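Novice: The primary structure of each chain is shown beneath.
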Amino acid sequence: MSIIVRDVNKSFGDFAALTDVSVEIPSGSLTALLGPSGGGKSTLLRVIAGLEKADSGLVEIEGKDATTLPAQDRGVGFVFQHYAAFKHLSVARNVAFGLEIRKRPKAEIKKKVDELLELVHLEQFAHRYPAQLSGGQRQRMALARALAVEPQVLLLDEPFGALDAQVRKELRAWLRRLHDQVHVTTVFVTHDQEEAMEVADSIVVMADGKVEQIGSPDQLYEAPANDFVMSFLGPVTTLDGELVRPHDLELSTEPRPGTVTAKVTRVTRLGFEVRVDLEIDGEELWAQVTRGSSEQLGLVDGQTLFVRRSAPVRAAAAVS
Amino acid sequence: MASQTAATVRRVGVRIGLRTVVLVYLTLLLVCPLALVLYKTFENGIGPVIDSLTTPSTQHAIQITLVVAFWAVVANTIFGVTAALLLVRHTFHGKRTLNALIDLPLAVSPVVVGLSLVLVYGRLTGVGKALAGIGINVIFSIPGMVMATIFVSIPLVVRAVAPVLEEIGDDQEQAAATLGAGPVQTFRRITLPSIRGALAYGVVLALARSLGEYGAVAVVSGRLVGRTQTLTLLVQERYQNFDQQTAYACAVLLVLTAVIALLVSRLLRPKELKS
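Top line first, the protein sequences correspond to chains C and A.
Throughout, the numbering used here is defined as the position within the first sequence, counted from one, plus 22.
Throughout, the numbering used here is defined as the position within the second sequence, counted from one, plus 10.
Simulated from the structure, these hints should not be mistaken for lab results.
Treat each hint with caution, since some may be false.
List time: in silico EDC-like cross-link candidates among lysine to aspartate or glutamate, alpha-carbon distance up to 20 Å [unchecked claim]:
id : chain 1 : residue 1 : chain 2 : residue 2
1  : C       : K285      : C       : E306
2  : C       : K232      : C       : D29
3  : C       : K125      : A       : E183
4  : C       : K109      : C       : E122
5  : C       : K109      : A       : E177
6  : C       : K232      : C       : D95
7  : C       : K232      : C       : E122
8  : C       : K109      : A       : E247
9  : C       : K75       : A       : E183
10 : C       : K109      : C       : D87
11 : C       : K86       : C       : E74
12 : C       : K75       : A       : E247
13 : C       : K75       : C       : D95
14 : C       : K86       : A       : E177
15 : C       : K75       : A       : D181
16 : C       : K75       : C       : D42
17 : C       : K109      : C       : D95
18 : A       : K50       : A       : E247
19 : C       : K109      : A       : D61
20 : C       : K109      : A       : D181
Small disclaimer: the values here were computed from a predicted structure and weren't measured.
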């Protein structure tokens, strides 16, 4: 394990930001801390980095107890949501910062900085200042700066949160490729489930300062531990008072075993997928079907359909 | 239409009225007296001005003024940056009190400052005797004058630096920490360069205030001619002894320094504080 967090508690005044949080992050993995804002994920990341001190509990990094170690001695790379660029230093000097602190020889620093700038595609911007870069470029610079010191773990706090949608998507894919190249244990915080699913090997879902579930994107999507995880990770609708994914609803024009009668209230075509709004005894739900099955069913508003769950009932979903 | 024109006329009238009031006010209180001092100084040409600025007592007063101002500015620069960091970057009990205390020198009359220093460090007090015992005389000598000057110029550096520290936030400092920089390295490499402009602005203001201080220094210095006489004290003493040429020349020197300081501070004033 690269990072071990055990029974960590942290509160700010009366607000409990983390309650008995325990997480283990395997070496070389790319892990997302996912959850709604105020859920404690950024606080957990900052506790791991040493930027925030836990009230109780233990933090271990690469087998070494780091609980009381100051941030500067933890060997972590940290990337901030708002870049935290050193405004008075050029891009190259920003990246060189950690190496200059470590008093590495000039030639070695220059070589390393050149390599990293190439890695983040900023080689032609070496002599510019952060103010002359776009948001995406600044964040790539911040990433190069964090990687320069060869951290044991790389921590990113909502790294793409301040960027616009297009750049965000590009950087996401780029981060995934970068991780495959560099292999440093990486943890990033996000409130965007799509981002977590797309980029991470494993996801830690957090809400209200507690860990809700830990698993691979598939595990979480297919076997959510509770209703919160299920609804946070993807679209849900309610059938017979139970949560179900809209694409797990089977629609037919004939009654079948276990089906209930539903009325189509609205059919919306969204390219390949079709959203079907339904009503069962005055209760609203919706189903997601492909364009093909929509045509097969000959879906129109006001039509009567028969609905049942196509996947087995989720044990977890029935719990609460 | 008619009412609109009337409104415009009224507005123009108000504007001209306000301008007149402000201009007359400044002319009577600032421009006229200063112009008259300038005129009186150079009434007999530049020769007498140079003569009165090069007498031993004037030279000595200039020297004392510079020494006192230098140490006061050094002390307030260090204290100002420390206090600003404390106020902006930390939460602690008594923060509001400290905040209020820093502005106190703006409200307290410098004469009161001088008197209170005499009460604490005077030759007949316990503290004063103890210090005199180890060879340090505070009152009627340079240390007391430096202390008085520090007191009156305390808020200037703090109030110039604090808003800029607030503005830049602590992201960069935290980033430096994760990159392995200790507190001292972080301050020297990240914080200091970020507040450089504001700090210079505060230092120039503090310097101007220190060079021109009269009341507090007058009380603690004992106005010992040729020993603890600063430029402002010299102006007062010469004027009373009917050596108006020297009084005027030194006054012009002080005004000139103030104007230069003002210009420099305008140039250094950080963008965040510009209106």
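Novice: With a cut-off of 20 Å on the C-alpha distance, tell me whether K109 of chain C and D61 of chain A pass.
Specialist: Given that 20 Å is the threshold and the Cα spacing comes to 51 Å, the pair is violated.
Novice: Between K109 of chain C and D95 of chain C, does the CA-CA distance stay at or below 20 Å?
Specialist: 24 Å, violated
Novice: Next pair to validate is K50 of chain A with E247 of chain A; report whether the Cα-Cα distance is within 20 Å.
Specialist: Holds. K50 of chain A to E247 of chain A sits at ~17 Å (cutoff 20 Å).
Novice: Going straight from one Cα to the other, do K232 of chain C and D29 of chain C come out at no more than 20 Å?
Specialist: Measuring from Cα to Cα gives roughly 10 Å; hence the hint holds.
Novice: Is the Cα-Cα distance between K86 of chain C and E74 of chain C 20 Å or less?
Specialist: 18 Å, holds
Novice: Hinted pair, alpha-carbon criterion (20 Å max): K285 of chain C, E306 of chain C. Please report holds or violated.
Specialist: 10 Å, holds
Novice: Measure nothing beyond the straight line between the CA atoms of K75 of chain C and D42 of chain C; if it is 20 Å or shorter, mark the hint as holding.
Specialist: 14 Å, holds
Novice: Run the distance test for K109 of chain C versus D181 of chain A: straight-line Cα separation, threshold 20 Å.
Specialist: Roughly 11 Å between the alpha carbons, so the hint for K109 of chain C and D181 of chain A holds.
Novice: Hint check: K86 of chain C vs E177 of chain A, CA-CA at most 20 Å. Holds or violated?
Specialist: 37 Å, violated
Novice: Is the hinted pair K232 of chain C and E122 of chain C satisfied, with a Cα-Cα distance of at most 20 Å?
Specialist: Judged against 20 Å, a Cα distance of about 39 Å means the pair is violated.
Novice: Hinted pair, alpha-carbon criterion (20 Å max): K75 of chain C, E247 of chain A. Please report holds or violated.
Specialist: Distance of about 61 Å is beyond 20 Å: violated.
Novice: Tell me if the straight-line CA distance from K125 of chain C to E183 of chain A falls inside 20 Å.
Specialist: Holds - the C-alpha atoms of E183 of chain A and K125 of chain C are around 19 Å apart, at most 20 Å.
Of the numbered hints given earlier, the model fails hints 6, 7, 8, 10, 12, 14, 17 and 19; all others are met.
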